[in-house]
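A.B. asks: Now for the letters of each chain:
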Amino acid sequence: MIINHPILGPRDSQEFTYLGDAALIDRPDWQAEDAADQFHDYLYLRDNPAGAHRELWFHEQGDRSWLVVTRNTVTHEILNVELARDAARARGRSK
Amino acid sequence: MTDAVINTGAMAFRADGSNGARKGVQVNRLDGGLINGARKLGFSFDGKRYEGHEGDTLASALLANGVRLMGRSFKYHRPRGPLTSGSEEPNALVELRSGGRQEPNTRATVAELYDGLEANSQNRWPSLQHDFMAINDRFSNFLTAGFYYKTFMWPAAFWEKLYEPIIRKAAGLGSISFEDDPDAYDKGFLHCDLLVIGAGPTGLMAALTAGRAGAQVIIADEDFLLGGRLNAETFGIGDLAGSAWVEQAQAELVSMPNVRVMPRTTIIGAFDHGIYGAVERTADHVLAPEAGKPRQILWRIYSKRAMLAAGATERPIAFENNDRPGVMLAGAVRAYANRWAVTPDQTVAVFTNNDDGHRTAADLIAKGVKVTAVVDTRADAPAVEGAELFAGAQVIDTKGRLGLEWARVRLANGTTRDVPCGALAVSGGWNPNVHLTCHQRGRPAWREDIAAFVPAGDLPQNLSVAGAANGDFSTAAALRTGAEGAIAALSELGIEAKAGDLPKAEDAPVNVTPFWYVKEGKGRAWLDQQNDVTVKDVKLAHQENFRSVEHLKRYTTLGMATDQGKTSNMGGLAVMAELAGKQIPEVGTTMFRPPYTPVSFGVMAGRSVGEEFRPTRKTPSHKWAEEQGAEFVEVGQWLRAQWFPKSGETHWRQSVDREVLQTRNSVGICDVTTLGKIDVQGKDAAAFLNKLYANAFAKLAVGKVRYGLMLREDGIAYDDGTAARFAEDHFVVTTTTANAVLVYRNMEFARQCLFPDMDVQLISTTEAWAQFAVAGPNSRKLLQKVVDSEFDISNEAFPFMGCGEVTVAGGCRARLFRISFSGELAYEIAVPTRYGDAMIRKLMEAGEEFGAVPYGTEALGVMRIEKGHAAGNELNGTTSALNLGMGRMVSKKKDCIGNTLSEREGMNREDALKLVGFKPVDSSATVYAGAHLMNADGEVSAATDQGYITSAAYSPVLESSIGIGFLKNGDARKGEVIRAVNPLEGHETQVEVVSAHFVDPEGERLRG
Amino acid sequence: MRYSGLKVIKEALTGHKGWRPTWRDPEPKKSYDVVIIGGGGHGLATAYYLAKNHGITNVAVIEKGWIGGGNVGRNTTIIRSNYLLDGNEPFYELSLKLWEGLEQDFNYNAMVSQRGILNLVHTDAQRDAARRRGNAMILNGSDAELLDTNGVRAMYPFLNFNNARFPIKGGLLHRRGGTVRHDAVAWGYARGADLRGVDIIQNCEVTGFKIENGKCLGVETTKGFIGANKVASCVAGSSSRVMEKAGMRLPIESHVLQAFVSEGLKPVLDGVITFGAGHFYCSQSDKGGLVFGGDLDMYNSYAQRGNLPVVEDVMEGGMALIPSLGRVRMLRSWGGIMDMSMDGSPYIDKTHVDGLYFNGGWCYGGFKATPASGWCYAHLLATDTPHKVATEYRLDRFRKGRMIDEKGQGAQPNLH
Amino acid sequence: MGKFDNHGLKAVTPLGGFEPRVDAFTGLLIREVSDCALASLAARQGDEDVLQSAAKSFLGGSLPEAAAWNEHGDFAAWWMGPDLWMVSAPHDEHELLAAALKEAVGDAGSVVEQTDGWCRLDMEGSRCFDVLERLCNANVRAGKPGDATRTSMEHLGVFLLCREPGQRYSIIGPRSSAASLHHALVTAVNAVI
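Residue numbers (the numbering used here), protein chains in the order written: chain D, 6 to 100; chain E, 17 to 1024; chain A, 2 to 417; chain V, 1080 to 1272.
Calculated from the structure, these hints are not laboratory results.
Owing to the predicted nature of the structure, the values given are computational and were not obtained by experimental measurement.
Glycine included, each C-beta is placed from N, C-alpha and C at the ideal position.
Any given hint could be a false lead.
Derived list of chain A stretches under chain E, where covered just means 3 residues or more per stretch with a C-beta under 8 Å from a C-beta of chain E [claimed, not checked]:
| # | segment |
| --- | --- |
| 1 | 143-152 |
| 2 | 179-191 |
Result set (DSSO-like, lysine-lysine): computed pairs, CA atoms no more than 30 Å apart in a straight line [as the list claims (entries may be wrong)]:
| # | chain 1 | residue 1 | chain 2 | residue 2 |
| --- | --- | --- | --- | --- |
| 3 | V | 1181 | E | 699 |
| 4 | A | 246 | A | 401 |
| 5 | A | 8 | E | 535 |
| 6 | A | 408 | E | 935 |
| 7 | E | 639 | A | 170 |
| 8 | E | 662 | V | 1089 |
All chains, please: the whole structure from these sequences, using the hints.
C.D. replies: Dropping the structure here:
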């Protein structure tokens, strides 16, 4: 596979390490009332779609950026790639 | 691409029509052809010596020498000759070469002849002519499709003891030598705008069009001669003979620096996003590769656009005894005649359902071969000049024990005629080579007018198909679609290519009347020649409800042969369709998966073999350790010294005991460079580490080191190490050797994905520093001799868990940490790696007066077990901080990765496993890591399992074997005697539960 | 009809006219006691054991395509009972015991062949882990032997003992492990279930569940609504897609695993060998092909195909282990969808919907589990209590912190 | 021996010698380069511009863009990742490069000594394309001077710096695997030449 890195352009997916669903960015608040449930759902449950899937790839043999890649799990077509840091901020994560 | 490598040797004799040297024992050699009659090549088959010519394949040379019998079939061991002239060959499989180079199942039809070639037939005993296993053929009525599912079940034990060993011995095709392959293989990467797959008229025209437009082009063909069918046919292009046009096109392509021409290169698979796998056979056409040069190269081709111009494969017609040596595809017979100047026999008959078969007859007649009949299933078959035509007729049987002698023909009027022939050229029409279009699950569609599947549906991204591969069978269509395809592909890349004038070429329509198998006769008609699948087998599968194409293939093994069904699938589908009263596409399509043709293990492994399987990481003291005669052990990719034997020591335990005792009594030195070191800086560095470690880090003072435990988000401990604070905004974190990469990755995840606004910068410095542990009561004294005197490293000035920058050996920059894994007064000292070799020598020299010893990973392991320090065996991915006895370290006052989920009920059971120590009641007994723990009394079973021992060692200090491990509710059971059972090796040891801290439990030594 | 050698001879002599369809192709009835979704190995085994063990024969197996067309039709055929953890080993030991009597039981030769599985050991830590595992196996009634280097060499002298990057220090041998002719398992169970009255309905896709007041009443299919007292999902790689129709999110990700077969060879490898230092395992089929595989492709996928890097990785492992394979050719590759669970262990459980049951999350270990999976799932469906060897396979185990994590990799499915 | 090398410890090169190793082939040279000091330079959040200008005055020129390298007098730098560079200078004169760089950028950047974390092998000669295409997936034939590509060769992550397309490259890989990297290069050269 070729991942179109937002900074570096097309790079072979072999340079990357795959983590999984980009929802792993949305780490729950540890002080929430139902933190235990939220953490369970966060860590263990997956939409696992057959189709567009937002997922985390780490450019380990490259510039060490984490990327959020939107990829079709049926065709492997890559629909969008963004820096995970930007995606995380867009989802309201900070410190 | 100025260095495009191409063997143009074959071109030199393209026009060479001389045949003076060819006759003689090559009884079936004809005139003309694209072989070099002037260059004779000697070779052997089954020990018998023959001669062929440059440009021959093994099959063409054997045919020239009158040899039709080249193999035996899989199940019935029927005698077989070549069916084809290409890589789809199912019958003529041989063992090529010998010794470590012995190569089973090589298709004689594509094995390029070289001087000294050695080949042997396979799957026969004692000889190809007299094969004992041919007795199976007599019992074929019992050995029908799937018969083995219905029998061999009684008595139950007989399957493995009797039936299966016989079957296994009889099965298989070629054999390996069991010697290591002596050849090297390479891998590489290529990039292009347009990859053209296949160098027949379509591919050549596409490459010319794209090359002239200045695009980066790669054109690859599995054959050693470019041109595809043009080499096998007599019709010309423009004013030139087909092969002459090829020569001209090739010369132009080779002259273009932007075109890479790759003969002998098979595109094996279409992978995601335009990546193609290609195997280039660089030395299979010579006796042995040059030293250092590869036999084959696996290229990963990154293409922006690709065009499949792979042509088509002819399909046979099934009829009774259609598998005798001499029964061949008509296009193959034509190729042997026109390209290789060979006829399989002096008398040939033709059996066809389309016009293509007639070409074979015409070409053979033109070459002076006697064509005894053209049998055409079509009642309106066109006339043939020079041979008798039987229109509306069928071949219903053949005869000839080890080779075809005659064919029986049912004429249109119902009578039969026996036609003498040593070869029968059969054409059932052509199947486009759609294989690569299926590699990403694209499903071909049926085209009625040519009675074949063509590419359809979702093709691999950016792949187009042209020419015969797309069902456009004429040469003119090939040239046109090749050019048009290239133009279209390049225009998508913004490259303008021009069509130019296409040369004139034959443009015959496809005249085919589908005809798949002859229904007459009680005997067997072969569909899959290699696997011996017959029409009867398909009928039986239908009768037993194995009616989908997938069930059919699996039940009968149709299409599972080394040709991957290229010559058999369509026939099987057609028979099933007819039986089911369905159209062919309703029964199913056959999909193809990579590789297009089988690929060797060697080329897929490349240089990753033997000791080079994976890179080796060496420590800074490696060379010195080698000089000391150290034994090394693999720790991940690192090689670490395991122990340092001294003369007179005959057992590793002696060395290890000595290293431990001397370290504990005086001082020992160990290279600990392999531990991961990650530099963490930034305004939020402390807050960041507070998130990553289960224990608190925010308040660690500058100049101090703290032990830290990292949890996964699921609350399981996965790594531990230390973090040293060099400044308010600067830490150096250590990880275990095994987890260095993982911890660094996880830290980046936290930094970029979880806490993107924290000001933290990370970088690995593992390799930048050579780090040595100096441990033992004399470690300070030793270091005081090495650390420059302006640095006070006394206990007061440099206390336990201190860290700082110093210089050593008169000004060399160093980092000093007062940390201990051994439990002794200990330090770790780091210098820039380039000085590591000198540093170990310096340390040893300074330690001489104390009797300093180097110690390896074994002694390190003993000492950490004596101290009850967890390592990889304890941090095994299933243990929590609680299990490790560090439950209280997990801060409840802050958010850190893993703390929420570590509170789950199942991880906090009352009888949770706890890390404790074990000492054998009988001090001469041995404790084994991996033993399971059982109560003192009661049954030994899984149900009564109390835990397990994770690590064990002989402690020379305690003069006893000791272990640490996890015991249910272990910390409340100290003093209890239980059993450590190891039924695997027949041991059972009574052990006392003790603290895991065997040596210096109060930790006084490290603070001294 | 009973299969036997005599029957084969009789048919051979009478033109094979007597063979009947191995299973019928009935039209679906309006409703069943149990509807099993998924005509793979597990679904068919469940139907078989429902009928045989529990006398429940008013059962339909509904299959989207052709039975046996999923992972039971594409796997590396290995059976074994060499698990480490209490939650797993008794289950796999039951499975292996069922394999051992399976062919006589369902009267179909699936070529269960116990030629042994050898897991190679390269380091002391691996030997410690192998010892713990071997002991766990023995304590659970399975078999294990710990070999040293010479023991391995005696079995397979052609492995790389000369210049290996990761020298072989021994291995854990499980003699009762082996291989099975995978397709035959599906056909054998199908035949056995069909003979007992189970309806096997092919080319029938489930399009939805009918759930009213928290109770599942049946399934909507491409052949219409089929009512059921109990609906049992058993669809391996399609688990998430099917259960989504019942409103469930699962602790499952779908990944692709590739496997490979070489051209046919005269005998090379008698048993199964697993090379822990590289990602490679291999056996040789009765037909002569080397059947081998390695790691997942690592990314979520429903594509049923993989990519080149893993092919290379696997074959590098093969060459590193057996240097005489250099000239052997890989003939075919394929990719299956693995429903990877969050701890590498499966689920056999009720769901929050009354009458709806779930079996899945088999990762790439589903084939060997087929008999026990069917046995235990049938038990759960028939009795509404988990079978005693499958009590841990609960969907809520993560909520409770009771993971069954053989590999110790945590909640990252592609690492199991 | 440089001015900071006047102590009792003698340096060895990544390939283990006292002198850098040179391997000569017909038309191609592989040269170990061990006389460079290296330091990584990372921008602190919010201080990216400050860092750029501080680095500019220290180096005598701008830090390179993504996937590029450049040199200004004694100093060279290549891009390693977002807001992260490696700076290089002759070791004899700049053994304390990291300290000097830190002083120059102050709190705007994080600096880490990297000198001995790496080994560098320079390849020079006309067959570079043919050798490199057997080693890494970088599209070297389309490359230009100033490219700095992170890629891998025989399972080793490396930086590939293009000095002159087809003619001169620097390959910078992990120091502990210097021997494996060197072996991979020499093997590839032997396969090509």
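A.B. asks: Now tell me if each hint is right for this structure.
C.D. replies: We went through each hint and held it up to the structure:
Beta-carbon proximity to chain E at under 8 Å applies to 3 residues in the segment 143-152 of chain A; the threshold of 3 is reached and the given coverage holds. Judged by the Cβ-Cβ criterion of 8 Å, the segment 179-191 of chain A is covered by chain E as claimed, because 5 of its residues qualify and three suffice. Between residue 1181 (chain V) and residue 699 (chain E) the alpha-carbon distance is near 15 Å, which keeps this suggested pair within the 30 Å criterion. Restraint check: the Cα-Cα separation between residue 246 (chain A) and residue 401 (chain A) comes to about 26 Å, which is no more than 30 Å; the hinted pair holds.
About 27 Å separates the Cα atoms of residue 8 (chain A) and residue 535 (chain E), which keeps this hinted pair within 30 Å; it holds. With a CA separation close to 28 Å, the supplied pair residue 408 (chain A) and residue 935 (chain E) stays within the 30 Å bound. Restraint check: the Cα-Cα separation between residue 639 (chain E) and residue 170 (chain A) comes to about 25 Å, which is no more than 30 Å; the hinted pair holds. This hinted pair checks out: residue 662 (chain E) and residue 1089 (chain V) have alpha carbons roughly 27 Å apart, not beyond 30 Å.
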